[in-house]
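These protein sequence lines are chains A, B, C, D, E and F, in that order. Under our numbering, the residue at position 157 of the first sequence is numbered 157, and the numbers go up by one with no gaps. Under our numbering, the residue at position 102 of the second sequence is numbered 1102, and the numbers go up by one with no gaps. Under our numbering, the residue at position 47 of the third sequence is numbered 2047, and the numbers go up by one with no gaps. Under our numbering, the residue at position 18 of the fourth sequence is numbered 3018, and the numbers go up by one with no gaps. Under our numbering, the residue at position 69 of the fifth sequence is numbered 4069, and the numbers go up by one with no gaps. Under our numbering, the residue at position 30 of the sixth sequence is numbered 5030, and the numbers go up by one with no gaps.
The hints are simulated quantities; they were obtained by calculation from the structure and are not laboratory data. Mixed in with the good hints there might be a few duds.
[What the hints assert, rightly or not] Below, computed lysine-lysine pairings styled on DSS-like, alpha-carbon distance capped at 30 Å:
| # | chain 1 | residue 1 | chain 2 | residue 2 |
| --- | --- | --- | --- | --- |
| 1 | D | 3088 | D | 3140 |
| 2 | B | 1156 | A | 88 |
| 3 | D | 3088 | B | 1140 |
| 4 | E | 4148 | B | 1088 |
| 5 | C | 2088 | C | 2113 |
| 6 | F | 5113 | A | 152 |
| 7 | A | 88 | D | 3156 |
| 8 | B | 1088 | B | 1026 |
| 9 | E | 4043 | E | 4148 |
| 10 | F | 5140 | E | 4156 |
| 11 | D | 3088 | F | 5088 |
| 12 | C | 2152 | D | 3113 |
| 13 | F | 5042 | E | 4152 |
| 14 | F | 5152 | F | 5088 |
| 15 | E | 4140 | E | 4043 |
| 16 | D | 3140 | B | 1088 |
| 17 | F | 5148 | F | 5043 |
| 18 | A | 148 | B | 1148 |
[What the hints assert, rightly or not] Covered stretches of chain C (chain E as the covering partner; in silico rule of three or more C-beta atoms under 8 Å from a C-beta of chain E):
| # | region |
| --- | --- |
| 19 | 2018 to 2028 |
| 20 | 2038 to 2047 |
On a predicted model such as this, the values are computed, not experimentally measured, just so you know. Backbone N, C-alpha and C define an ideal beta-carbon position, used for all residues, glycine too.
Number of protein chains: 6
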Amino acid sequence: MQDLSPTKLSHLDETGSAQMVDVSSKSVTVREAIATGQVTMKKSTFIQIEEGNAPKGDVLGTAKIAGIMAAKQTSSLIPLCHPLPLTKIEVIITPDDNLCGYHIQARVKTEGKTGVEMEALTAVSVTALTLYDMAKAMEKTITIEAIKLVSKTGGKSSL
Amino acid sequence: MQDLSPTKLSHLDETGSAQMVDVSSKSVTVREAIATGQVTMKKSTFIQIEEGNAPKGDVLGTAKIAGIMAAKQTSSLIPLCHPLPLTKIEVIITPDDNLCGYHIQARVKTEGKTGVEMEALTAVSVTALTLYDMAKAMEKTITIEAIKLVSKTGGKSSL
Amino acid sequence: MQDLSPTKLSHLDETGSAQMVDVSSKSVTVREAIATGQVTMKKSTFIQIEEGNAPKGDVLGTAKIAGIMAAKQTSSLIPLCHPLPLTKIEVIITPDDNLCGYHIQARVKTEGKTGVEMEALTAVSVTALTLYDMAKAMEKTITIEAIKLVSKTGGKSSL
Amino acid sequence: MQDLSPTKLSHLDETGSAQMVDVSSKSVTVREAIATGQVTMKKSTFIQIEEGNAPKGDVLGTAKIAGIMAAKQTSSLIPLCHPLPLTKIEVIITPDDNLCGYHIQARVKTEGKTGVEMEALTAVSVTALTLYDMAKAMEKTITIEAIKLVSKTGGKSSL
Amino acid sequence: MQDLSPTKLSHLDETGSAQMVDVSSKSVTVREAIATGQVTMKKSTFIQIEEGNAPKGDVLGTAKIAGIMAAKQTSSLIPLCHPLPLTKIEVIITPDDNLCGYHIQARVKTEGKTGVEMEALTAVSVTALTLYDMAKAMEKTITIEAIKLVSKTGGKSSL
Amino acid sequence: MQDLSPTKLSHLDETGSAQMVDVSSKSVTVREAIATGQVTMKKSTFIQIEEGNAPKGDVLGTAKIAGIMAAKQTSSLIPLCHPLPLTKIEVIITPDDNLCGYHIQARVKTEGKTGVEMEALTAVSVTALTLYDMAKAMEKTITIEAIKLVSKTGGKSSL
């Protein structure tokens, strides 16, 4: 049976409401996280992007830039995220004929006191949203799928 | 057979690269968009959130606030989005036992010259990311799924 | 006896949680708000500022610029504030020997669908915080006082 | 008699105007600051908030999130503040029947080269502004009072 | 002889300090501004960029995106600029063998109460800065030149 | 003959597109960069500013504050810049009768893993843009010139 007992509730204040947890005593190490996601669409939209004919121009280049820039805004977007000095942000977009869409992978590194999962996930999300925006004049049924963490190293808990 | 001929390429400059399209001549109307998405997790994580025992505190309340605030940052995050005076942002999070997770719906309105699909999709995405952040100490396999537009009214093309 | 019955609960969604209220149907009018506040300090600090000898330089000029710029960030700072096209922001700082400190007044105008009280109050607050920052090397007991709305015109309810 | 001679004018350039002081040679230590403030209102407004009937929804939860997020924006809001990697942000709001209002306390930590007084004061201010915003449909005479530093540790000068 | 009498001092408050001028009574019209600038470099750097071999990747594509995004941040960067709903932002970068560098042109439109000169100039500046950043590993003597307004239409004064 | 062989292409991913380079293994040192630029104008405009009669108020003070604040936004504006904890930002504006305009110098320091050239150049650019904005009601032919790096210390490559 599942153990539902709470893990250490370090983020809870007396009243149960949200607080940004204290990471002062955590050690500064190189930490890395990799997240992935997918954007799926109609074949016609996919072909138009692959042929470089998308109405808004360079879909994948614009989406990558947006994802990289968004990673740097993570602590402004996610209320309880700690601001961190990111040392690397890489976004890779890979077309997939079978998926009829794109795989997005973001890899983020820091040398800091807490991990960069949210930065990698935010980079994937905003890359996907921008890909959507660049393609939405062609189709209104594009879907963003399967955003998740695939790797995490450098802290106490790995994946 | 599918028609792959490009739709009107209003966003392309001479060199094919990305530009923010001119909406000056579009009419100002009330425009609304609704987007949805899902966050799925292990049963133990879901129960812990539902019982109000998540380590970082009020998961759903924090996620909603983050989604609403993110909608207002859409044109800063998505390179070719037009800044718009949003008149309403609503985020609803609904638990689903069968899904073992949450449905997120964002409804955004403007009275402007272009639609608010990206604002609704951004609200859903950041609500999901924040829900993830609030729960990630409990589980590293949470997944964000099925972010898509479900309704769009007020412009030339509806959904 | 006081009437504690709630005013119109237009901001409440079904679950009682926070939402950005719909102002789509409100009319666009010129709206203005004036807010005030005070910063009080030791006589020595006050004299040093008045003589232009504050360690960080031009205290009042820097504080005014900060207040004006902050008014434009109001909808990013206050979760449920609507973004508005501000048409005027004025910050006035007046020294007061008796107070041993400064009166701050911010006047903000828009031509929009909702009022600018929060923009005026935010301008006063950040002007006060910056004044504090510019003077804090001289004294650690500076206090920000009495931030409130003094006038509001152009919407349905005035003050 | 008071000594009005200026303290060390490290922030002054040749022309007397504002500059962001050089902290390169200061040591990296754990630094903490605690600031407080108050928001006062009519009894009817206070009761309506306490009973959970405020028109805009969860007043205190929303205000806390806003305060935490604002602390992370301090160096963007206050012109001469140094950007710092905050390691903890905690906002506590306590109701006070006698005050007819709320006490706000913010505690901020960093491991950096300069203190976090302004971050704590900014967190208090924006928590107070958001509380105001969430309650302003009920009353236009809410007042923000007594924002000040109550504790500062970790640097050369303590309080 | 030059007439040095001041033009209408609408931006001055009583104390001569900076204020964001009131544009409430100005009419909403379509306004456009075009600004230009140049980035000059060594022949070797120019060739490396033109051949697509710059170390940081797609120099011109990244610079254009950055310029477009910066135009939307103008009122956050320039203290007394009014926030405006931009309806078009176009950045064109043209290589020039003789110049040994690039011409940048930004065209910005709004339908608002004041002009978009600063938005166009900001787009040019940040496009140039990004081009610099993308190329700076190759050379430290790149120079940004001749940023100026070349056209302005739609308001009272044209160029 | 010039060597056009590419320098180390550390910023390139497999597909040649832009990525934020990994600086994790670079050492944390005190790094400083100095950049300069000019703003030139008509004699009448220059005199009006020098006499303190510019329509928008304190031109040079406002421009300096804007430049300092912009340096802190560099990593948000320039897509592939790393966020850095700046330890000093100094902006100096010097009038020059012969130039009929102003020299701007920005000096920025960090203790980090990569240099602050872009921060110094961004500070100069936004100082110049703000000076332009403060003076543009007097003249539409103001020009921003000669923005370049003049010194860089603390990293592997100096200038």
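Taking the hints in turn, this is what the structure says about them:
1. 3088(D) <-> 3140(D): violated, 34 Å
2. 1156(B) <-> 88(A): Not OK: residue 1156(B) and residue 88(A) at ~42 Å, beyond 30 Å, violated.
3. 3088(D) <-> 1140(B): Cα-Cα ~23 Å, so holds.
4. 4148(E) <-> 1088(B): violated, 39 Å
5. 2088(C) <-> 2113(C): Holds: residue 2088(C) and residue 2113(C) sit about 16 Å apart, inside 30 Å.
6. 5113(F) <-> 152(A): holds, 22 Å
7. 88(A) <-> 3156(D): Given that 30 Å is the threshold and the Cα spacing comes to 34 Å, the pair is violated.
8. 1088(B) <-> 1026(B): holds, 21 Å
9. 4043(E) <-> 4148(E): Answer holds: residue 4043(E) to residue 4148(E) is near 25 Å, not above 30 Å.
10. 5140(F) <-> 4156(E): Between residue 5140(F) and residue 4156(E) the Cα gap is close to 13 Å, so the pair holds against 30 Å.
11. 3088(D) <-> 5088(F): holds, 24 Å
12. 2152(C) <-> 3113(D): Not satisfied, since the Cα-Cα distance of roughly 43 Å exceeds 30 Å.
13. 5042(F) <-> 4152(E): With a Cα-Cα distance of about 19 Å, the restraint between residue 5042(F) and residue 4152(E) holds, given a limit of 30 Å.
14. 5152(F) <-> 5088(F): Holds: residue 5152(F) and residue 5088(F) sit about 14 Å apart, inside 30 Å.
15. 4140(E) <-> 4043(E): holds, 13 Å
16. 3140(D) <-> 1088(B): Measuring from Cα to Cα gives roughly 23 Å; hence the hint holds.
17. 5148(F) <-> 5043(F): The given pair, whose Cα atoms are some 25 Å apart, holds under the 30 Å limit.
18. 148(A) <-> 1148(B): Answer holds: residue 148(A) to residue 1148(B) is near 17 Å, not above 30 Å.
19. 2018 to 2028: Check failed, 0 qualifying residues.
20. 2038 to 2047: This one is violated; 0 residues, fewer than the three required, reach chain E with a Cβ under 8 Å.
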